[in-house]
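Since the structure of chain U is provided, determine the placement of chain L on it from the hints.
Protein chains in written order, with my numbering: chain U, 1 to 268; chain L, 269 to 431.
Do not take every clue at face value.
These stretches of chain L come out as covered by chain U in the derived footprint (C-beta under 8 Å, 3 or more residues) [claimed, not checked]:
{"hint": "1", "segment": "281 to 295"}
{"hint": "2", "segment": "310 to 323"}
{"hint": "3", "segment": "349 to 355"}
{"hint": "4", "segment": "392 to 405"}
Quick list of the computed label-pair ranges, beta carbon to beta carbon [as the list claims (entries may be wrong)]:
{"hint": "5", "chain 1": "U", "residue 1": "9", "chain 2": "L", "residue 2": "394", "range": "35 to 41 Å"}
{"hint": "6", "chain 1": "U", "residue 1": "219", "chain 2": "L", "residue 2": "392", "range": "44 to 50 Å"}
{"hint": "7", "chain 1": "U", "residue 1": "85", "chain 2": "L", "residue 2": "414", "range": "44 to 50 Å"}
{"hint": "8", "chain 1": "L", "residue 1": "344", "chain 2": "U", "residue 2": "217", "range": "49 to 55 Å"}
{"hint": "9", "chain 1": "L", "residue 1": "414", "chain 2": "U", "residue 2": "233", "range": "39 to 45 Å"}
{"hint": "10", "chain 1": "L", "residue 1": "414", "chain 2": "U", "residue 2": "73", "range": "39 to 45 Å"}
{"hint": "11", "chain 1": "L", "residue 1": "338", "chain 2": "U", "residue 2": "200", "range": "29 to 35 Å"}
{"hint": "12", "chain 1": "L", "residue 1": "307", "chain 2": "U", "residue 2": "8", "range": "32 to 38 Å"}
None of these hints come from the bench; they were simulated from the model.
Using N, Cα and C, we set each Cβ at its ideal position, and we do this for glycine too.
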Amino acid sequence: MSEHELSDVEREALTELLLQLGDDDFIYAFRGAEWLGLAPHIEEDVASASISQNSMGHAVMFYELAGTLGLSEANVLAHGREANERKNSILLERVNGEGSYMGTPTFDWAYTVVRNYFYTLAKKLKMDALQLSTYGPLVDVAKKVNMELHYHLLHWRTWFIQLSQSTDEAKTRMTLAIKKVMQDFGDLIHYGDWTVEIEKKGYSASAKQLEQIWLSMMNPIVTSLGFDETILEYELKQNGRNGQHTEDLHLAIATFSEVYQTDPVATW
Amino acid sequence: MTAIIEKNTVLEQLQRVKDPEIDTVSIIDLGMVERIDISVTTIEIEVLPTFLGCPALPIIQKEIELALLSLPGILSVMVRFVHTPPWTSDRITQKGHEGLRAFGIAPPPLFLEADGTWHIDCPYCMSTYVTIENLFGPTACRSIVYCKSCKNPFEAMKPVSTL
Numbered sequence: 001m002s003e004h005e006l007s008d009v010e011r012e013a014l015t016e017l018l019l020q021l022g023d024d025d026f027i028y029a030f031r032g033a034e035w036l037g038l039a040p041h042i043e044e045d046v047a048s049a050s051i052s053q054n055s056m057g058h059a060v061m062f063y064e065l066a067g068t069l070g071l072s073e074a075n076v077l078a079h080g081r082e083a084n085e086r087k088n089s090i091l092l093e094r095v096n097g098e099g100s101y102m103g104t105p106t107f108d109w110a111y112t113v114v115r116n117y118f119y120t121l122a123k124k125l126k127m128d129a130l131q132l133s134t135y136g137p138l139v140d141v142a143k144k145v146n147m148e149l150h151y152h153l154l155h156w157r158t159w160f161i162q163l164s165q166s167t168d169e170a171k172t173r174m175t176l177a178i179k180k181v182m183q184d185f186g187d188l189i190h191y192g193d194w195t196v197e198i199e200k201k202g203y204s205a206s207a208k209q210l211e212q213i214w215l216s217m218m219n220p221i222v223t224s225l226g227f228d229e230t231i232l233e234y235e236l237k238q239n240g241r242n243g244q245h246t247e248d249l250h251l252a253i254a255t256f257s258e259v260y261q262t263d264p265v266a267t268w
Numbered sequence: 269m270t271a272i273i274e275k276n277t278v279l280e281q282l283q284r285v286k287d288p289e290i291d292t293v294s295i296i297d298l299g300m301v302e303r304i305d306i307s308v309t310t311i312e313i314e315v316l317p318t319f320l321g322c323p324a325l326p327i328i329q330k331e332i333e334l335a336l337l338s339l340p341g342i343l344s345v346m347v348r349f350v351h352t353p354p355w356t357s358d359r360i361t362q363k364g365h366e367g368l369r370a371f372g373i374a375p376p377p378l379f380l381e382a383d384g385t386w387h388i389d390c391p392y393c394m395s396t397y398v399t400i401e402n403l404f405g406p407t408a409c410r411s412i413v414y415c416k417s418c419k420n421p422f423e424a425m426k427p428v429s430t431l
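Extracted from the complex, chain L is given alone in its bound form:
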């Protein structure tokens, strides 16, 4: 009888499933994986979507399936998108923050100011001298920001919280 695959092996494999648009962060780094159930030949996995209208979800689903089906002895993989608990940006790990910065995207802040604004540092020069050009960016989860220090436009991931 085949031994049950270790959870760590599954996590390592899921580290290879990157955000389709940001190849420096994985779905683990983004805190999207909520639950993993491993039986002998089957893996069931629950994933939290970041933004509801995100068109990348079917791609992510396919890549999770491919990654996990390549594990020895795994015959079926079931990916379910769930909304409990709702994904919030504080689920992004430290590694995720580094990965976002490496891609030129400012990670979401850990805290929001009382008036709902948030503090952004330029991912290139780390200056705090930045202005938000547009709350909305090329994807639903990002804003467009301009750094007045190094004159680079960049994107910042929007904070989302249940507060």
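Here chain U stands alone, though its shape is the one from the complex:
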């Protein structure tokens, strides 16, 4: 199916899906970039900067696809929208920890590792599913994203397993981090108000199914690392896919869109 054969509802459902994917990667890349110069060691600085850069590239691809369906260009979608217009998961907009980048940041590496690993696995499952999408242009982009995602997943899985098997302090911090991440997990694999249209048209796989696969993959890993299986339980409280967001996202938008707001046509 190409963009010319879509009805209005189909176009809107597709746009929603593309914005969810793009907004997730965009804010994820922003939070990752905030670690620049602060990561636990120099190799990690290089790695997480690289992953953030890739993810920003992925966001651009999804925004560009949305652009072909009649939305604004990628730069405007990234910088020119208010929080209530954004479709990203709440988990990804949360701050990295206390303090600010400009002041004294005491960011939480355990939380970042858990969030990034859990998100990357969810994203991997989505990209696998999108390779069977009925919307052709999305299939090729998903294929391309998947190639790079292989390395991201390997990276975060390594951190997750190694920290979980490390000292008692590390174990305690990882346990707290998993609990904190699961509090926001509800909307991560969710299409919000557009679930029926997105699934019925086969633009992506059913969210329920993806959730089950995610859990069936993560459960044996967390239990083999000595965590209680109930640690992965969660419920949906607030849904970012429907534009419900936290103060953290408002602050993030104010920071990353500062140049854009000052001069929308600036090149940087």
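Same frame as chain U, but now just chain L:
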């Protein structure tokens, strides 16, 4: 009436468009050029980006335009980045592999092991006695590797495939 420019002439010209960071390999060597359409005064060209977040793309686009506009009779050049088919590292030509090695970068392997690891030879001494220091390097497409034989750190281009 002006004769239509030969495709070979365009390819020769594109050989001059190098990777902005690796001046020993061209976009042809990297297998980035997917389609070339030549009409009388216009050339349309489709290019496959290697890595999605690559910041070098606008530079590459500009250099393609400059290179092709310098051909006699060509008045406009259109460069489009496309994702069909997705670029994979097996598109890099033999010449590309040699160019990467000459720059001190290990080319990506032709085959991946079953567990996803890959075999890297040191581009300086060709030893296989190397360790990966970091899967991620100074650019998204490269890893950092250390050669235990000649004690040189070097970069290796990551394999990317649809498998």
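Against the structure, the hints:
no.	hint	result
1	281 to 295	violated (count 0)
2	310 to 323	holds (count 5)
3	349 to 355	holds (count 5)
4	392 to 405	holds (count 5)
5	9/U / 394/L: 35 to 41 Å	violated (60 Å)
6	219/U / 392/L: 44 to 50 Å	holds (46 Å)
7	85/U / 414/L: 44 to 50 Å	holds (47 Å)
8	344/L / 217/U: 49 to 55 Å	holds (51 Å)
9	414/L / 233/U: 39 to 45 Å	holds (43 Å)
10	414/L / 73/U: 39 to 45 Å	holds (43 Å)
11	338/L / 200/U: 29 to 35 Å	violated (53 Å)
12	307/L / 8/U: 32 to 38 Å	holds (36 Å)
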